[in-house]
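Undergrad: Construct the entire structure; sequences and hints are all you get.
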Amino acid sequence: MENSDLKFIKKHYGEDFAHLCRTFFPTILEEEGKLSEIISEKFAESHNIYDYLAQEKIEKNFRNFVLRCYEKTIQLTEKQVVDKSPEELFDSAGYILYPECKTEKDIDKFKKYYKQGEEICTFNGGRLESCRVWFAVKKNVDEIKRENFPNPVREDEYGTSVISIQYARGGNSFLSIKNRYNHMVLNPDATFSNNLDNIAIGLTNAFEKKFEICSVNSEEVGLSKYNFVKAPDGKFYKYNVVNNGIYYCENNVIIDQDSEIINLDKSSKILIDDIIVDLKQKKIYSYYYGENDSFVRSVGEIRDIKVFSRIDSKGKVIEVYPKEGEKVEIKIDRFNQIEEYINPNVVYIEYGFLEENRGMKKVVLENVMYINDDFLRYNKSLKEFIAPKLKHIRNNFLLYNRSLENLDLPELETTQNLILPDNKVLTKLNLPKLKSIGNHVLESINVTELNFPNLRDIGSHCFTFCEKVKKVELPKVEKIGDNFLNWCFGVEYLNAPNLEYCSKGFIKQNLSLLKNSKHNLDLDYFLTK
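Counting from 0, one number per residue, gives the positions in the sequence shown under numbering that gives the first Met the number 0.
These are computed hints drawn from the structure, not numbers from a lab.
Treat each hint with caution, since some may be false.
[What the hints assert, rightly or not] DSS-like mimics (lysine-lysine), calculated; alpha carbons at most 27 Å apart, straight line:
id: 1; residue 1: K104; residue 2: K209
id: 2; residue 1: K10; residue 2: K33
id: 3; residue 1: K9; residue 2: K56
id: 4; residue 1: K379; residue 2: K467
id: 5; residue 1: K59; residue 2: K10
id: 6; residue 1: K41; residue 2: K234
id: 7; residue 1: K467; residue 2: K382
id: 8; residue 1: K313; residue 2: K281
id: 9; residue 1: K138; residue 2: K104
id: 10; residue 1: K315; residue 2: K360
id: 11; residue 1: K423; residue 2: K360
id: 12; residue 1: K265; residue 2: K360
id: 13; residue 1: K423; residue 2: K382
[Said to hold, decoys possible] Now the in silico label distances, taken between C-beta atoms and shown as ranges:
id: 14; residue 1: S91; residue 2: R455; range: 52 to 62 Å
id: 15; residue 1: Y500; residue 2: K282; range: 46 to 56 Å
id: 16; residue 1: N429; residue 2: K209; range: 53 to 63 Å
id: 17; residue 1: H18; residue 2: D232; range: 23 to 33 Å
id: 18; residue 1: E318; residue 2: Y350; range: 18 to 28 Å
id: 19; residue 1: K208; residue 2: N429; range: 51 to 61 Å
id: 20; residue 1: F122; residue 2: P343; range: 34 to 44 Å
id: 21; residue 1: P431; residue 2: N519; range: 19 to 29 Å
id: 22; residue 1: K469; residue 2: P98; range: 46 to 56 Å
Backbone N, C-alpha and C fix where the C-beta goes; we use that ideal spot for every residue, glycine too.
TA: What follows is the structure, given as structure tokens:
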């Protein structure tokens with residue numbers, strides 16, 4: 000006979016999730032009604048929760064959370080107490096703890112420690128409305144250089160040399176310790192596992208006592224790291240996107256800035272990322288920006304919308320028929336995250352196109368010619384990008400992407416700053432018409448040859464960590480900025496017959512290469528400066 004708790008869980012959360020609960024909680028299942036009570040009280044109904052736990056490999060996090068609920072130890076485990084101030088404890092760990100930031104100017108004083116493109120969101124303003132903020136800086140911070148850490152690890156010396164300690168305002172405060180790498184490492188907002196005692200024993204108690212902070216259960220913080228948000232009803236919801244303080248969750252649920260839970264009508268609407276597809280009104284719009292959203296504008300005016308189940312997965316295909324132009328196709332996964340976008344009509348992509356999307360794997364824009372700032376800025380999943388007519392790319396294009404292996408843009412002429420700067424797997428590069436690139440472009444790609452027949456101007460910090468590069472063809476390049484090929488010690492050949500200027504640092508590191516290459520540089524002049 001099937002256990003009544005497992006029967007309830009199977010009905011509301013899915014069979015795979017019920018099997019997981021049977022494996023993890025045999026003792027709790029001895030008490031009839033207890034496990035179903037905990038699960039239904041703590042988690043919003045979802046038949047995808049098992050898939051997400053398995054995908055993120057956080058089954059043990061879930062188990063620990065439920066066990067703590069069962070044992071009625073929702074209070075934090077007893078903190079170790081040391082008779083020292085937080086300043087003294089930070090000092091013993093090699094840090095200087097600065098006073099609490101009371102104004103935006105106080106926060107901005109620490110921006111100087113962050114590399115361009117790795118600044119934490121705290122510097123964008125408004126953080127003090129929701130959090131109390133401190134900064135702690137290693138005493139030897141000036142000796143810890145970013146370029147010495149080409150393969151960032153969250154708790155390495157650079158990442159932890161400047162940390163921001165942030166407690167959410169309110170009666171029960173979540174702690175987040177922000178990393179100096181920001182989004183360049185996994186879970187940068189959970190440095191030291193969000194536990195001050197991992198910096199110095201007794202620091203949590205000393206810090207919270209001096210600054211009168213009441214923190215919440217650490218297991219709840221643990222779930223919050225993995226795209227779960229605790230809503231006003233006390234339940235955790237799996238969210239796809241968080242933007243402007245609003246959480247967009249699976250199952251058509253929105254948790255807005257006022258902590259209100261909004262359930263969209265499933266019969267007429269589909270919430271995809273932070274976009275609402277209205278099947279009844281034949282409209283697509285952003286919950287926050289309305290029709291003034293770059294993704295919405297890229298689709299254009301709509302004549303009809305059709306939805307089909309995907310044959311290859313549990314997701315859906317949304318076919319949009321514009322009033323002018325060909326069919327636009329949007330594929331979403333089982334969580335209603337956008338995975339594929341095919342639009343043969345759009346020519347100009349506006350600012351902030353799906354900036355917060357994490358799940359996009361394929362984009363096809365056959366006629367696009369211009370892409371503005373922040374295109375899929377935080378996406379790390381994109382594997383296929385097709386835009387054969389694209390001519391111009393602005394800033395922060397695929398800023399955090401680490402999965403695209405082929406960049407084939409035969410018509411691209413110019414880029415600005417921070418274009419795929421942290422992608423280490425890109426192995427195929429075809430940019431034959433490229434004329435000018437900005438700063439921090441393709442810093443870490445995994446190619447053996449750089450061949451740009453029409454490139455004339457290269458900004459700073461380009462191709463900085465391309466360790467496999469052996470051959471460089473730049474027949475028309477005239478100017479190169481700082482740190483070009485800075486850590487690329489395997490380069491054997493450079494052809495740049497028109498090169499008249501490049502940084503002093505590049506010349507010093509690659510002197511032997513330059514002596515045997517074609518260029519118009521006066522090496523004696525540079526080396527005596």
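Undergrad: Looking at the structure, which of the earlier hints fail to hold?
TA: none
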